[in-house]
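Trainee: This is what each chain is made of:
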Amino acid sequence: MALDVPVIGLEVHVQLRTRTKLFCGCGAGFGAPPNHLTCPVCLGLPGALPVLNAEAVRLAVRAALALHMAVTPHSRFARKNYFYPDLPKGYQITQHDRPLATGGWLEVPLPGGGAARVALAQLHLEEDSGKSLHAAAGGAGGSRLDFNRAGAPLAEIVTEPCLGSPEEAADFLRALHARLTFAGVTTGRMEEGALRCDANVSLRDPATGDGTERVEVKNLNSFRFVERALAHEVSRQREAVASGAVVARETRLFDPGSGATAVLREKETFEDYRYFPDPDLPPLVVGEALLAQERHRRDEAPEALRTRFRTEMGLPDYDAGVLTQDRETAAYFEAVARRCADPKAASNWVMTEVLRQVKAHGGDWTRLRVHPEELGALLAQVAEGRLSTALAKAVFARMAESGEEAGTAVRALGGPVVRDGETLSALVDEALRAQPRAAEDVRAGHGRALGVLVGEVLRRSGGRAEPRAARRLLRVRLGLDAEE
Amino acid sequence: MDEPVLSVAGFAALQRLARLRLSAEEAARLRPQLEAILGYVRRLEALDAESAEAGEEAAAPLRPDEPRPGLSPGEALAAAPDASEGFFRVPRVLKGPGA
Numbered sequence: 001m002a003l004d005v006p007v008i009g010l011e012v013h014v015q016l017r018t019r020t021k022l023f024c025g026c027g028a029g030f031g032a033p034p035n036h037l038t039c040p041v042c043l044g045l046p047g048a049l050p051v052l053n054a055e056a057v058r059l060a061v062r063a064a065l066a067l068h069m070a071v072t073p074h075s076r077f078a079r080k081n082y083f084y085p086d087l088p089k090g091y092q093i094t095q096h097d098r099p100l101a102t103g104g105w106l107e108v109p110l111p112g113g114g115a116a117r118v119a120l121a122q123l124h125l126e127e128d129s130g131k132s133l134h135a136a137a138g139g140a141g142g143s144r145l146d147f148n149r150a151g152a153p154l155a156e157i158v159t160e161p162c163l164g165s166p167e168e169a170a171d172f173l174r175a176l177h178a179r180l181t182f183a184g185v186t187t188g189r190m191e192e193g194a195l196r197c198d199a200n201v202s203l204r205d206p207a208t209g210d211g212t213e214r215v216e217v218k219n220l221n222s223f224r225f226v227e228r229a230l231a232h233e234v235s236r237q238r239e240a241v242a243s244g245a246v247v248a249r250e251t252r253l254f255d256p257g258s259g260a261t262a263v264l265r266e267k268e269t270f271e272d273y274r275y276f277p278d279p280d281l282p283p284l285v286v287g288e289a290l291l292a293q294e295r296h297r298r299d300e301a302p303e304a305l306r307t308r309f310r311t312e313m314g315l316p317d318y319d320a321g322v323l324t325q326d327r328e329t330a331a332y333f334e335a336v337a338r339r340c341a342d343p344k345a346a347s348n349w350v351m352t353e354v355l356r357q358v359k360a361h362g363g364d365w366t367r368l369r370v371h372p373e374e375l376g377a378l379l380a381q382v383a384e385g386r387l388s389t390a391l392a393k394a395v396f397a398r399m400a401e402s403g404e405e406a407g408t409a410v411r412a413l414g415g416p417v418v419r420d421g422e423t424l425s426a427l428v429d430e431a432l433r434a435q436p437r438a439a440e441d442v443r444a445g446h447g448r449a450l451g452v453l454v455g456e457v458l459r460r461s462g463g464r465a466e467p468r469a470a471r472r473l474l475r476v477r478l479g480l481d482a483e484e
Numbered sequence: 001m002d003e004p005v006l007s008v009a010g011f012a013a014l015q016r017l018a019r020l021r022l023s024a025e026e027a028a029r030l031r032p033q034l035e036a037i038l039g040y041v042r043r044l045e046a047l048d049a050e051s052a053e054a055g056e057e058a059a060a061p062l063r064p065d066e067p068r069p070g071l072s073p074g075e076a077l078a079a080a081p082d083a084s085e086g087f088f089r090v091p092r093v094l095k096g097p098g099a
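Those protein sequence lines, which keep their order, are chains A and B. Each residue of the first sequence is one higher than the one before, starting from 1 at the first, in the numbering used here. Each residue of the second sequence is one higher than the one before, starting from 1 at the first, in the numbering used here.
Be a bit skeptical, because a hint or two may be false.
Selected chain A positions facing chain B (Cβ under 8 Å, derived; list incomplete) [unchecked claim]: (1) Gly-25; (2) Gly-27; (3) Asn-35; (4) Leu-37; (5) Leu-43; (6) Leu-49; (7) Glu-239; (8) Val-241; (9) Gly-244; (10) Val-247; (11) Pro-282; (12) Pro-283; (13) Gly-447; (14) Leu-450.
Think of the hints as simulated: they come from the structure by calculation, not from any bench. C-beta atoms are modelled at their ideal positions from N, C-alpha and C, and glycine is treated no differently.
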């Protein structure tokens with residue numbers, strides 16, 4: 001035997017599914033115009049102080065528990081010092097000697113059936129950097145920087161160097177993606193960089209225990225890239241060893257275009273980052289209450305979920321069954337229901353509109369472009385009578401197709417909602433003329449007939465009339481009090 | 001405890017990491033200052049902290065995950081030495097340390 005067996009370890013950066021950044025109240029969403037999500041904290045302006053996002057802590061703890069890790073009761077933040085234009089403060093706030101969680105494992109399904117356990121080393125919280133857009137080679141104008149992503153919350157998950165092949169590494173990443181997306185830790189949207197991966201690769205001689213120097217490969221941002229980049233790196237190292245060359249300890253960058261890795265820089269030593277505890281941030285204490293809440297959540301198997309959807313959320317058994325057919329559906333439904341506070345409405349929408357969209361994308365939840373929070377917000381508007389169901393469905397379909405925000409989609413679908421003025425007045429008149437019997441019934445005290453008239457107004461407005469306003473005006477026309 | 005707090009090589013390495021190019025006069029002035037700071041820290045390290053009464057360690061305050069308005073793009077870019085089309089602009093970078 002010789003230096004031949006690959007030894008691979010992964011460092012996976014998972015963007016936590018929060019509304020705001022790790023240490024400030026700037027939005028952590030994707031797709032805003034450049035430098036629209038910044039403040040003195042994430043730009044590193046003098047005098048600004050970081051304040052930790054509770055939800056990021058909760059999601060990181062949830063990830064740690066899902067991965068069977070031991071949560072450190074008192075972890076702490078450190079500064080990692082280096083200069084790069086996308087790092088405004090000149091240091092990154094991360095965790096170093098006391099990470100949030102250690103140990104743990106993830107079960108990865110094997111191609112031939114069964115499963116293998118991948119051992120994990122640690123999980124820590126850290127802030128993301130900004131984004132550099134480099135000018136084309138030879139071009140003028142320098143590099144451009146967008147700090148929308150600077151300070152976004154990441155959990156970095158580090159495996160033990162125990163993956164034996166590029167395929168195994170890619171399978172691990174797929175399993176990690178599925179697990180954390182189901183747990184609601186991340187959106188899992190690969191195209192938005194929700195999961196990014198670096199790998200450490202070396203070759204080992206099992207007979208002697210000798211190994212080559214570790215090479216770090218960066219920029220592995222899709223499952224396919226991981227496999228291709230690692231396959232390239234393993235064969236590059238094998239060729240180097242075969243020709244008697246030394247594999248140098250360095251960092252290499254994967255270029256998806258050529259399928260090859262190229263040297264980025266020599267590996268820094270640990271001291272170069274000059275880690276030290278961040279004096280702006282006291283220790284992060286994870287209390288028993290948070291641990292208990294998240295443990296309870298983790299233990300739910302599909303059957304338990306189904307029971308809970310029935311008993312706590314009051315769903316029919318049929319709904320509970322459909323919603324627990326897979327983890328993604330259940331997680332999506334729960335997030336929608338939590339936001340709109342109407343489980344049955346959430347269930348109806350997920351079982352029809354949402355599953356239809358997912359099916360159209362071959363069952364790939366990561367391609368559903370509407371975040372459950374966004375759908376929940378849309379349903380809340382329907383419940384408040386500010387949006388008709390018909391318009392909401394059109395808005396959802398448009399959001400799913402274009403990735404637009406709800407407000408943008410509403411405007412694109414024919415302007416603002418009709419909630420007052422002559423347009424609404426004319427629509428109400430038409431509805432009263434078209435449904436004289438319902439109007440009579442309401443006047444005679446049968447309030448339920450009012451629904452028929454509201455429906456008529458909505459139909460005639462193409463779904464654009466605000467149901468609440470239509471109802472109010474109809475009541476006034478029929479001689480009732482405006483409010484019920 | 002008696003070895004120099006900051007070796008010549010160590011001082012040179014720090015300059016490189018801090019991207020500073022110091023003249024000989026600047027170095028002669030700054031090095032003793034830095035040594036004095038490090039010497040102070042070294043004295044603190046010598047304290048017997050183990051036997052001291054451990055105070056209650058404050059926990060990091062947590063903030064609810066609620067968005068708050070930040071800077072407008074114009075305000076954010078106002079202090080930038082160079083900006084264009086909504087971006088900060090810096091001299092061309094291709095390679096360098098990443099996170």
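Trainee: So, against the hints stated earlier in the document, which numbers end up violated here?
Mentor: Per hint list: 6, 7, 8, 9, 10, 13 and 14 violated.
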